[in-house]
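Colleague: Chains as they are written, first to last, in full-length UniProt numbering: chain A, 1 to 655; chain B, 1 to 655; chain C, 1 to 655.
To be clear, the hints were calculated from the coordinates, so they are not data collected in a lab.
Don't take every hint at face value.
Unchecked claim - DEER-style ranges, computed between Cβ atoms:
#, chain 1, residue 1, chain 2, residue 2, range
1, C, 552, B, 425, 25 to 35 Å
2, A, 633, C, 563, 37 to 47 Å
3, A, 87, B, 84, 22 to 32 Å
4, A, 607, C, 564, 47 to 57 Å
5, A, 603, C, 324, 47 to 57 Å
6, C, 564, A, 235, 19 to 29 Å
7, B, 279, C, 44, 49 to 59 Å
8, A, 235, C, 531, 48 to 58 Å
Think of the CB as a built atom: it goes at the ideal place given N, C-alpha and C, for glycine as much as any other residue.
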Amino acid sequence: MRLGVCYYPEQWPRHKWESDARRMFELGIRRVRIAEFAWSRMEPEPHRYEWEWLDTVIDMLAQHGLQIVLGTPTATPPRWLVEQHPEILPVAQNGMTYNFGSRRHYDISSEVYREHCARIVGQMTRRYGKHPAVVAWQTDNELGCHDTVPSYTEAARVRFTQWLAQRYGEIGALNDAWGNVFWSMEYRRFEEIGLPNRTPTDANPSHWLDFRRFMSAETASFHALQGALIREHSPGRDLLHNFMGFFTSFDHYEFAKSGLDIAAWDSYPLPRTEVLWFDDDVKHRWARSGHPDIPAFNHDLYRGVGNGRMWVMEQQVGPVNWAPYNPVPTAGMARLWTWEAFAHGAELVSYFRWRQAPFAQEQMHSGINTPDDTLTAGGHEIARVARELAALEPEMVAHASTPRPRAPVALLFDYEADWIVQIQRHGADFDYQRLVFEWYSSLRAMGVDVDMLSPDADVSGYRLVVAPSLPIVPESLVAQIVRGDAWWLFGPRTGSKTRAFTIPATLPPGPLQAALNVRVLQSESLRPSLRPRVAIDGVVGHGLRWRDHVEPGAAVNVSAAFDDGLPAVVEAGRVRMATACFDDALLRALLAHSARDAGIDTVSLPEGVRMRRLGGLQFAFNYGEVAWRANAPDNARFVLGNREVGPADVAAWIA
Amino acid sequence: MRLGVCYYPEQWPRHKWESDARRMFELGIRRVRIAEFAWSRMEPEPHRYEWEWLDTVIDMLAQHGLQIVLGTPTATPPRWLVEQHPEILPVAQNGMTYNFGSRRHYDISSEVYREHCARIVGQMTRRYGKHPAVVAWQTDNELGCHDTVPSYTEAARVRFTQWLAQRYGEIGALNDAWGNVFWSMEYRRFEEIGLPNRTPTDANPSHWLDFRRFMSAETASFHALQGALIREHSPGRDLLHNFMGFFTSFDHYEFAKSGLDIAAWDSYPLPRTEVLWFDDDVKHRWARSGHPDIPAFNHDLYRGVGNGRMWVMEQQVGPVNWAPYNPVPTAGMARLWTWEAFAHGAELVSYFRWRQAPFAQEQMHSGINTPDDTLTAGGHEIARVARELAALEPEMVAHASTPRPRAPVALLFDYEADWIVQIQRHGADFDYQRLVFEWYSSLRAMGVDVDMLSPDADVSGYRLVVAPSLPIVPESLVAQIVRGDAWWLFGPRTGSKTRAFTIPATLPPGPLQAALNVRVLQSESLRPSLRPRVAIDGVVGHGLRWRDHVEPGAAVNVSAAFDDGLPAVVEAGRVRMATACFDDALLRALLAHSARDAGIDTVSLPEGVRMRRLGGLQFAFNYGEVAWRANAPDNARFVLGNREVGPADVAAWIA
Amino acid sequence: MRLGVCYYPEQWPRHKWESDARRMFELGIRRVRIAEFAWSRMEPEPHRYEWEWLDTVIDMLAQHGLQIVLGTPTATPPRWLVEQHPEILPVAQNGMTYNFGSRRHYDISSEVYREHCARIVGQMTRRYGKHPAVVAWQTDNELGCHDTVPSYTEAARVRFTQWLAQRYGEIGALNDAWGNVFWSMEYRRFEEIGLPNRTPTDANPSHWLDFRRFMSAETASFHALQGALIREHSPGRDLLHNFMGFFTSFDHYEFAKSGLDIAAWDSYPLPRTEVLWFDDDVKHRWARSGHPDIPAFNHDLYRGVGNGRMWVMEQQVGPVNWAPYNPVPTAGMARLWTWEAFAHGAELVSYFRWRQAPFAQEQMHSGINTPDDTLTAGGHEIARVARELAALEPEMVAHASTPRPRAPVALLFDYEADWIVQIQRHGADFDYQRLVFEWYSSLRAMGVDVDMLSPDADVSGYRLVVAPSLPIVPESLVAQIVRGDAWWLFGPRTGSKTRAFTIPATLPPGPLQAALNVRVLQSESLRPSLRPRVAIDGVVGHGLRWRDHVEPGAAVNVSAAFDDGLPAVVEAGRVRMATACFDDALLRALLAHSARDAGIDTVSLPEGVRMRRLGGLQFAFNYGEVAWRANAPDNARFVLGNREVGPADVAAWIA
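Please take these sequences and the hints and turn them into a complete structure.
Modeller: Right under this line is the structure:
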């Protein structure tokens with residue numbers, strides 16, 4: 001549990017560096033991320049490197065007791081590189097080539113650009129890789145941001161055809177897999193295959209899905225190229241990337257397999273609340289605190305991606321600049337978000353940024369200090385966290401590091417599921433991430449801790465495994481269902497597709513039929529006004545957005561049916577499936593029922609209160625506006641706060 | 001009255017063909033459309049043809065008693081053709097060139113592409129044109145779909161200038177007709193003229209209108225090129241094209257004149273209801289049945305286009321894939337839609353499709369069979385229709401084929417009217433098709449049968465002719481008004497434009513002034529909140545969207561006036577004109593009054609009930625949710641259903 | 001106080017010219033604008049000029065007592081010029097090149113095009129510059145209309161880099177000013193700099209702001225090129241341009257400095273009401289009269305731009321064609337708008353257009369005559385104004401031309417402020433012009449006359465100066481605050497930026513701190529549902545959209561605070577600042593309080609009633625629907641109308 005900060009020394013006069021370093025340490029910060037975006041200062045002209053300034057900064061930070069996370073600057077190729085190689089510019093889906101003048105103006109598939117990245121990262125890692133203060137490396141910055149993955153360049157097209165050739169071997173295999181006989185889309189050679197954009201009507205969904213997979217692999221290999229150099233020249237340091245919240249342009253599990261020690265992510269609860277799918281009243285309700293499940297959802301997901309190791313690389317501390325509306329957070333939230341990250345397993349919480357830049361694109365993005373070096377409200381909260389950490393850390397570490405048990409519930413999050421739904425939404429309001437978030441949020445409001453996992457993961461040890469939707473059901477998962485003793489709950493569209501984006505030969509849910517003997521004869525998307533009624537455990541609610549018309553086979557029980565007689569929930573043994581999306585009340589009833597079956601206790605937390613267990617510590621967080629009297633045992637020993645958890649406040653106890 | 005089906009044998013393993021053919025016949029299907037989209041299987045490489053598979057399919061279908069409709073595959077040029085001739089790709093209005101990878105990726109004006117179409121159609125027609133089982137040919141598929149007409153290529157531009165040269169002879173004539181002196185838009189030569197897209201502000205509406213006419217002619221000539229080959233090599237077979245519902249990118253009357261025996265159309269009531277202009281509550285009301293006037297509107301229109309001969313080439317039988325929301329139809333609708341098509345004169349109702357494809361773009365489009373060959377709910381309804389047809393056909397044919405009288409009302413539907421409104425909408429919510437549909441729907445809800453006709457058509461024999469809006473009034477129409485004895489009712493914007501898209505010299509309604517002596521001094525578009533009040537026959541309602549400020553001349557009576565004194569309805573003898581769009585109640589009152597004048601009986605049908613007379617048979621259809629006791633005479637003999645017409649049910653009687 | 005008209009003789013047969021001239025004069029019109037857009041008739045082929053028709057028209061108009069305003073035709077380069085030089089076509093922000101076929105299809109930065117403009121304007125001015133009837137020249141037409149400023153051509157890019165080189169001298173100075181170290185955006189040479197469009201995410205706001213300034217300068221220099229020729233060849237004539245309402249694509253103050261005698265603008269109250277930011281109920285309320293502050297706002301602004309001299313070059317007289325909805329104005333409005341323009345200082349009100357064109361793009365735009373030469377309703381109102389003017393003019397001139405005192409209130413309107421907000425809106429609903437309009441409207445509803453001025457203007461003599469928002473505070477303004485005795489009221493975001501688009505080193509309000517010792521520690525944008533409460537003088541209202549969190553320094557008084565304790569209004573001496581946008585009631589209370597402090601009387605006018613003093617004359621205008629008994633002194637002498645001011649009516653008295 002460490003505090004960190006993002007720092008851009010190149011943006012400030014040299015005379016500020018020392019006081020910055022000293023003030024960071026005094027504030028309680030122990031790690032500093034630097035150097036990302038600074039290519040034009042490392043190599044102001046082709047092959048002319050300037051390292052003196054960075055040597056100085058690194059030594060100075062080290063002298064003040066700060067450890068360093070070095071970022072590679074490849075998100076911002078300098079102007080001269082674009083001049084030499086305009087072909088590295090990315091291309092939008094409509095065919096428009098982007099220009100220099102902001103960031104991420106490069107094609108992830110450009111081999112020329114990859115060579116230049118290898119060159120600059122090679123230089124950096126050879127120079128700083130073994131510096132004792134350098135403890136970690138971050139590649140690039142927020143890969144895929146600003147919709148730059150996928151990119152639609154000719155370089156991408158060529159590499160895509162190579163990737164396909166490798167995957168399918170023979171062009172006939174690809175034509176068969178994609179069903180290219182449909183609409184005479186058959187190819188004679190891999191080289192004939194184009195990108196799936198700019199077609200008069202939808203391109204083949206199989207074409208899209210493979211393109212998404214390819215682009216995901218490209219992203220991972222772009223990272224891996226740098227990762228290999230870092231491993232080579234900077235042994236023993238942690239390798240990480242700073243991912244974004246709710247971002248699915250590539251498969252983060254696959255990315256992690258390409259070489260990653262820690263899944264770091266950038267946490268901006270307020271703008272995220274504003275831009276997600278919430279209704280306006282929900283956005284209003286959490287406008288100044290962020291929706292209470294937004295940070296935790298990503299903590300739990302990235303903990304899964306990082307195989308247990310997770311950082312918050314950038315943590316919002318005050319108002320930011322990129323949402324449609326950017327209010328000031330409620331006093332206390334910077335502290336609450338920090339503690340909550342720790343409670344969900346973050347090893348580091350690093351704030352963005354040390355000082356608000358008075359110039360350029362992010363000048364309305366606040367930080368720990370104002371441009372004139374006044375500590376901000378958020379900065380004061382960080383100081384408080386640092387004091388709390390210092391006072392408690394030995395005790396907390398002891399309790400938090402008791403072998404962390406798995407959470408009682410595993411939630412399967414699948415990147416391909418999101419791509420599949422985006423490619424063929426079928427119902428305009430069907431959003432995979434939204435559905436997953438609703439399930440997650442429902443469990444969290446019942447006080448249940450959740451681990452988020454890939455559908456390929458080993459789920460042994462979990463009492464309940466839930467998959468809000470899982471279009472492609474891996475065979476390995478079916479095997480785990482059959483041989484394990486967990487309870488399972490699946491949502492709509494499960495098993496609806498093969499890996500090739502076709503309907504399974506035995507109809508959905510395909511391989512899952514081995515565990516749940518039903519057939520989906522047809523599926524429908526439902527306009528918001530079409531809401532078939534159903535009751536679960538006396539709770540009356542509605543099906544929404546989607547409905548699978550299920551024909552139950554032998555030994556399958558229809559445990560809830562819609563008012564028109566169609567099955568709403570079917571089950572066989574420990575396996576249960578909801579055939580539709582459910583409204584909040586109904587979903588809560590379904591999940592509570594499933595938790596009960598699995599022997600998991602649930603509570604009904606007040607709006608905005610969330611809990612999380614970390615080893616022997618029980619945390620509670622109050623996003624709401626009224627104080628909450630914590631449901632701690634009488635003999636609970638509070639190590640943070642007390643039994644009365646006020647608005648925007650935190651408590652933790654040993655119990 | 002025959003049943004048909006759309007079948008893509010190339011998409012299925014060869015071993016299924018025989019059982020497919022047998023099961024089709026057993027289900028009651030007698031005609032099968034095949035081969036559209038199969039170019040890559042007919043000619044997998046340039047000039048290498050493969051016909052064996054198609055020979056086999058045709059013979060096998062024939063052996064099982066099935067007749068064949070052959071589709072030409074020109075909606076899907078194969079990849080190799082695009083590779084040889086990338087210039088055949090179409091261009092969007094914003095200048096973006098489309099890519100291969102879906103369908104309709106060709107420029108209708110490309111002479112190179114036309115040559116290749118002639119080649120493949122020549123091959124097909126020579127090979128199969130005289131096969132005894134081949135009874136009809138469909139050219140291409142849904143010409144203009146996915147906004148591919150108009151196309152904005154250089155080839156289109158060149159042919160457009162040639163078309164203009166032929167139309168105007170001298171460039172000065174064009175400059176005068178378009179009023180190009182305005183904004184110095186004058187041309188010196190036809191070759192200087194560009195396409196009307198990508199201008200900083202609106203291009204000249206005359207420029208647009210001629211471009212739309214040109215593109216309409218291009219579409220017809222593209223069809224005619226294939227039609228000529230079909231006529232030559234396949235004598236005696238019916239030539240058709242499968243049109244779409246509510247589609248106006250080209251003038252279907254003109255298209256029909258280019259060579260067409262039957263106007264076939266593709267009927268998808270549910271998605272159409274979802275994407276049209278209806279308010280959300282209307283979309284909800286008919287989400288599972290389709291709006292009750294959507295199929296009939298198109299049946300009546302295409303019967304007019306086909307000069308009496310109309311097919312439904314593709315009939316929805318279950319949930320489809322292309323609307324924002326795609327629910328499952330109410331049980332019974334597939335049967336109801338089929339009978340309703342017959343009642344409106346369809347010779348064939350052909351379902352889309354035999355079996356749901358588990359791959360590619362339309363995998364969520366259901367059919368008669370699931371991908372694993374289970375008969376769907378819709379399939380079962382088709383089987384019922386087939387049984388009903390078999391039991392009744394001789395009797396029905398006898399009664400249905402009594403010389404079909406014209407409907408009492410002719411409704412004039414004009415494609416150019418739609419283009420004119422699209423080119424210069426003037427009021428953001430003025431939609432020509434919507435206005436026509438409102439008039440049609442109002443008449444149908446009063447139990448009145450309607451024929452839809454071109455404004456150039458001979459309307460003798462009709463008691464009432466209505467034109468919801470007719471910007472260009474043909475002189476021939478005025479002659480019919482003057483010399484005939486029908487009653488006439490016109491709506492707003494009538495006579496507002498010359499053929500050149502200018503205001504008539506004597507002001508609107510231009511030529512109609514010979515029959516109705518008024519001048520429109522100015523017109524206004526009305527925001528939805530501006531709704532002037534008016535009463536007709538005691539029914540108080542409102543003018544909407546548009547209002548012509550009419551100055552009545554001698555012998556013209558203002559039979560209804562708005563609350564601000566402006567005329568709402570003017571009339572002289574048998575000619576009446578509404579100066580505005582009216583709300584539903586007011587429109588009903590106007591049409592009822594006009595029907596009464598013309599001696600036409602009206603009834604007030606319950607919501608969702610529709611009737612249609614076919615020769616000696618009276619049909620009734622119940623789209624609603626409550627049973628209706630049919631208004632049949634006491635001695636009516638029911639040949640289908642009975643006096644109690646339940647929801648989603650049908651009745652027919654002899655009276 | 002003269003009446004004028006816009007006339008396009010080239011669009012009409014020659015035989016109409018004489019009767020047109022005669023009828024204009026008889027109607028009371030004294031000035032006619034001609035020739036704009038007529039390039040293809042002046043120079044139908046390269047270097048072949050045809051002047052005979054224009055000679056004839058000018059002489060004929062002169063013979064009928066009409067004075068002439070000549071428009072240069074450069075808004076409509078003819079087809080042959082585009083053929084010779086396709087590089088003159090403009091390019092949209094997304095990179096799309098526009099086509100010939102409407103108007104404004106030229107790149108304002110094209111040197112080739114500028115040469116051709118100089119050539120045609122040179123020809124015109126040499127031929128007609130000294131004609132005694134020619135009294136004024138209008139350059140081009142509505143520069144920037146249809147989003148043609150900025151343009152994104154290569155020519156613009158080259159000139160932009162030259163402009164930057166001149167402004168910054170050294171590339172290092174530019175890099176420093178823009179903060180290009182951020183995201184490695186540093187340039188090595190000016191030639192490397194591109195346009196700020198098509199970047200993957202936001203370009204540097206400093207880049208955008210300088211690009212906007214450059215484009216503004218380009219617009220002015222495009223005008224100035226023509227202006228110089230006019231000055232040279234047509235001495236003593238007025239030089240003007242017809243600006244648009246609420247149009248900020250260039251800085252009109254700077255434009256005026258490039259050479260302008262009169263700021264003329266085009267007044268279309270109805271479509272403007274429909275397209276501005278108003279809520280739907282407001283749009284409905286004023287759908288047929290236009291919002292009562294729309295014309296006056298622009299009169300007062302353009303009077304400031306024109307340094308006291310203002311014309312209405314185009315005045316709406318009936319329904320037009322370019323808004324989403326285009327209703328007919330209420331009877332009386334054409335007259336009311338005319339008198340109101342005079343009351344606000346217009347020297348000329350010129351109507352658009354003499355006769356409605358029955359062809360081309362504007363055929364649905366009405367005029368004084370219908371296409372068949374019937375005087376329209378608006379035409380009759382103009383005749384009435386002409387009679388009123390004739391009867392009253394000597395008396396009115398006497399009273400109106402008493403030395404016009406400055407209005408009591410100066411409102412600072414800043415074009416750069418609008419650009420800054422557009423470049424970095426921060427809150428989605430923050431609209432600079434809307435905010436200014438709300439302040440203006442609030443003052444006008446209290447009967448207060450307003451002058452609108454540049455922030456660089458000399459404000460001595462004003463009792464109250466208000467700046468609804470002023471991101472860049474000029475040093476000269478601070479000097480005026482300190483040394484003057486006016487009261488000052490500033491709104492949010494004031495002083496938030498330097499000229500380089502960075503945050504001031506001392507934090508906002510930057511230089512204003514010399515007069516108001518506060519620091520803005522952070523700012524927030526507020527979603528519409530976040531509305532902190534505050535009361536001013538007992539009026540309870542809400543802060544909206546934006547809030548500066550202000551830390552008051554010594555001698556600063558917080559005179560109103562939000563319910564969460566943050567300052568809402570801070571003041572020191574005669575300087576006051578609101579930290580947020582306010583709702584209507586609150587804004588009214590703030591402005592009333594400020595007016596009271598400054599010794600300015602306010603009244604509460606009924607909805608839709610507006611007043612304006614012109615010298616010794618007091619005007620009143622009633623946009624509302626109920627008659628208003630004017631608040632004139634008992635001894636007031638009415639020279640227009642009387643004490644009872646009916647709907648759509650006007651009164652003026654000497655008091």
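Colleague: For every hint, state whether the structure bears it out.
Modeller: Each hint tested on the structure:
At roughly 54 Å, the beta carbons of residue 552 of chain C and residue 425 of chain B sit outside the given window of 25 to 35 Å. Under the hint 37 to 47 Å, the C-beta atoms of residue 633 of chain A and residue 563 of chain C, about 39 Å apart, fit the expected range. With their beta carbons about 26 Å apart, residue 87 of chain A and residue 84 of chain B fall inside the hinted range of 22 to 32 Å. Between residue 607 of chain A and residue 564 of chain C the Cβ separation comes to about 21 Å, which falls outside the hinted range of 47 to 57 Å.
Taken as a hint, the range 47 to 57 Å holds for the pair residue 603 of chain A and residue 324 of chain C, whose Cβ atoms sit roughly 54 Å apart. Between residue 564 of chain C and residue 235 of chain A the beta carbons are some 53 Å apart, a value that contradicts the proposed interval 19 to 29 Å. Between residue 279 of chain B and residue 44 of chain C the beta carbons are some 52 Å apart, a value that agrees with the proposed interval 49 to 59 Å. A beta carbon spacing of about 57 Å between residue 235 of chain A and residue 531 of chain C agrees with the range 48 to 58 Å that was offered as a hint.
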